[in-house]
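We have chain A; now place chain B onto it with these hints.
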Amino acid sequence: MMIRNKTLRGFAAVVGVAAIAVTAAGCGSSKTSSSSGGTCGHYNLAFLGAATGDNGALGQNMIGGIKLALKDYNAKHASCTVGLKTFDSQGDPTKAPPLATQIAQDTSIEGLIGPGFSGESLATGKTFFDAGLPSISPSATNVTITKQGWTTWHRVIGNDAAQGAADAKYLTGTAKAKKIFVIDDASDYGKGLATVVKAALGSSVTSTDEVQAKQTDFSATVAKVTGSSADAVFYGGYYAESGLLVKQLRQAGFKGLFVSGDGSEDPHFVTVAGASAANGAVLSAPAGPAPADFNTKYQAANGAPAGLYSTQAYDAANIFLAALDAGKTSHQDINTFIGSYTGTGASGPIAFDSKGDIKQSVIYAYFVKNGTLDVNNPTAIK
Amino acid sequence: LDFSFLHHSLIELTITGLALGAIYALVALGYTMVYGVLQLINFAHSEVFMFGTFAFAWIFVLIHGTAQVNETLWQVLPLLLLAMLGAMVVSSSIALLLERVAYRPLIKKNAPKLIALISAIGASFTLSEVMGLRDKIAGWVHLDGKLHNYVSGARDVYSNPVTIQPTGLFKLGNYNVTDIDVVVIAAALLMMVLLDQFVRRTRFGRGIRAVAQDPESAALMGVNSTKVVQVTFLIGGVMAGAAAALYMVRIGSTRQDAGFVLGVKAFTAAVLGGIGNLRGALLGGLTLGVAENYGAALFGNQWRDVVAFVLLVFILLVRPTGILGEALGKARA
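Those protein sequences? They're chains A and B, same order as listed. Positions 1247 to 1628 (our numbering) are the ones given, in order, by the first sequence. Positions 97 to 429 (our numbering) are the ones given, in order, by the second sequence.
Just so you know, the hints here were simulated from the structure itself, not pulled from any lab data. Don't take every hint at face value.
[Stated by the list, open to error] Just some of the chain B residues that point at chain A, by a computed CB distance under 10 Å:
1. F99
2. A115
3. L116
4. N256
5. Q261
6. L265
7. I347
8. G348
9. V357
10. G391
11. A392
Think of the CB as a built atom: it goes at the ideal place given N, C-alpha and C, for glycine as much as any other residue.
The shape of chain B in the complex, shown without the other chains:
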């Protein structure tokens, strides 16, 4: 047990943990919103995130070319915002496609939840393999030559050619807080607040809450539940796209199975905070990110997941519905 290291690097570990946790939280929103509305765990959501990371890197390759360069965050900001938008568009398109192909036919037929879960797992494998075989798929339509920079080495790591270098902004204790730390945490918080307000204050938000509470009554009151479900998937996709962009700013490379581990962590964060609860997803994500870092510091990095999951079990023992509870009164979404 390395308490002196934990004590010495506490601020650094907290801030990098929060930055990682913010990304978990944005992905967790997708799980929690779909669960809130449909009581269904969208296991393919990790692939929605993965497609976003690729979209982000592709836009950089498209505009910047494949030459490896170093840039600061401010130098690439316009391109970065464009790539983030692209990631959101791609992720939300995949999420809508999932809803249309993997879920809506089952929901229409009133299939048991277990069937939808199997469908989700199948969709997850399919999407991941489509990305991993994109060179072959491009080859079928004879575009693999033209798209070489985007599809070659489909199962290998795919990197953003532009390395975004962090710049130190200010000192906090002995840690130099970087612009990337600040931007990642702030952007995630901003997205959260916007979503929270959207669900609380807008007409659509009211529709989402109505369907979440009682789909039949909502339908009787004239809420178009199909549309509400679509919007829910769309929002989850947009948030996953934002998470993908922030992930790529921090990490810089991705691969066809990058969604799996992150998806499991984000789902854990959703359960930790209280699944079906928007603010819970934020709290769960941040808690998990920081707990992993502390655990890695205390016991060694190989224990980080053990620490995270022991924390989950412990919290579920004390509060079976997560930190903030499964349904936060009428604010449930």
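So that you can see chain A by itself, here it is in the shape it has in the complex:
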């Protein structure tokens, strides 16, 4: 009975998801902006990522950055403007592949900014590689993506290996923690990051545990942490869980340091945890604060403040625009151009290694103080 009904619900969910995926694919094509290319080449850039859905806010930050770059470029090249086509995957690896096929077949698209997240990057990388379409992701940080041999794939953000190493350095170097309890959420991102941290910490790891996405009661894990003599906790995962975890840890009397990665680096971390439990937490991210003039320009162009990944998306778009400016119009030429590109963008210095990873990435530690996440004054972890 139980099992039959569960299966039914699962089946209904699958049907539902399929239906949504179909509509999303439909939306993708109908949503493409009509402001396509100018008189000279009908060039377009494409964005693939979460424009709506649970992580839509992040995607909108990226789209805003791209639009700002295009606005600057088109103002200078009024006779030969470049357009943007937006493909909304909702950040879902199951919805991204059909959109990727669509992008690969669209000959007006010169390059892709995206995919937004690691899951969809892994799901679509081969399609783009086979089509030879160069791409630059502003935000996908999973280590394995650049190990697939997809020579068209690049990112302008430090990967999880760089971040994990920096987190470990912060824990043992700056914070002088001796016994660290490492917890992750079993997701591609969280587990990946925690694995790097564990490897870098070595014998300083006193114990580990794994929570589940959407879990809200962590009493067993909390009992483990307070029962151990750990003086710091590292958590790999997102703010919905990390906020609750730090709240329940503090309520159970845990006094040590709480460190987490960019999945937790969000003001919601503080609202979920409550101000007093969140205070003192250190959250790392491979992105620094945007330069002041960028924020002003962004606000003027988009009517909304810049957010996480806005500068990276802006930089990624600018690299493609620089390629077009240099007269590179075939996918192959653009890809070669990106490979040898060096410059300083809004997010910092940019150059790529042979795998497509950014050569030099700075990981920043953000602090929660007086009940707010201080997004403007992070410290670079060196």
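Coordinates of chain B only, in the frame set by chain A:
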């Protein structure tokens, strides 16, 4: 297998497990009552709970504002009771709406149970999405500016601005039992006893039991079965509202899909205790909460659901109708 940890933290794990289990049990009541009366699994009941959690947080935002503060349980008690009442009202309204829109038309037409189940799944998705799109819905009527504190970031976590800090009451072994643990467990038990007595001793309770046993004879004896079904949904909603309030006291934040996992667990608790059986729901909920904690302690947290469901399979193998049985004689509700 970490037996020394389990042994060392047994009291802590038991008490936090009971507190979680008490919340499962209150939600399980909704599944079990509707099943008892209609032999129908109300899968949308998880959304009834979810709406309650939001109602609870909204009342705090309405009265307390959005400034983040820490308060003890006793400092916020009046507001907490008001918010709990609000959660019960909202949850039971949603439950009544469900009965009216998703079930009554089907029952009237004698539709197969499978159709009602599909209708329940549809209602569940709809309610969850309505909550997840509440910013857009408010935008249609141009209230999104005024309601900003309630509807913005509709798909994101929504937190009670007041963090309710537990205070240690007394030591049990090496665990400091907090007021929140005591209040959650005691409130859930109290609600259970009240409901049990209501079903056993009142006229309405007799009506519920009569319709559960034999709807046709009950109708011939003058029991208004439509009304009985309504009351059943209402009670399920009230219990889910209470569960939502206790959940928010313990956890403090919710989201538009918060009902799903908890709903599955509560349904499991209902089956574990014997679906259709009120006392079974209590026993099933508490057992499940404690088993999850023990399992997480023994095998690691990633195994908690495995342990819970292996327990379910094991109990159903030995007792196919759950721990207390599907129908507890005439006390069945």
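Q. Taking the closest Cβ pair, is N256(B) under 10 Å from chain A?
A. 9 Å, holds
Q. Measuring from the C-beta of V357(B) to each C-beta in chain A, is the shortest one below 10 Å?
A. 5 Å, holds
Q. Does Q261(B) meet its interface restraint, that is, does its C-beta lie within less than 10 Å of any C-beta in chain A?
A. Cβ of Q261(B) sits 7 Å from chain A, so the hint holds.
Q | Interface hint outcome for A392(B) [beta carbon to chain A under 10 Å] | A | 3 Å, holds
Q) Given I347(B) as an interface hint, is the shortest Cβ-Cβ distance to chain A below 10 Å? A) 5 Å, holds
Q | Restraint outcome when L265(B) is required to lie within 10 Å of chain A by C-beta distance | A | 14 Å, violated
**Q.** chain A contact restraint on F99(B) - CB to CB distance below 10 Å
**A.** For F99(B), the interface hint is violated, since the closest Cβ of chain A sits about 13 Å away, which is over 10 Å.
Q | Restraint check, 10 Å cut-off on beta carbons, for G348(B) near chain A | A | Since chain A brings a Cβ to about 7 Å from G348(B), closer than 10 Å, the hint holds.
Q: For the hint on L116(B), just tell me whether its beta-carbon gets within less than 10 Å of chain A.
A: 5 Å, holds
Q) Hint check: is the beta carbon of G391(B) less than 10 Å from a beta carbon of chain A? A) The hint holds - G391(B) has a Cβ within 10 Å of chain A, the shortest such distance being about 8 Å.
(Q) Can you verify the interface hint for A115(B): is its Cβ closer than 10 Å to any Cβ in chain A? (A) A115(B) check passes; min Cβ-Cβ to chain A is 8 Å, inside 10 Å.
Of the hints listed earlier, those the structure fails to meet are numbers 1 and 6, in rising order.
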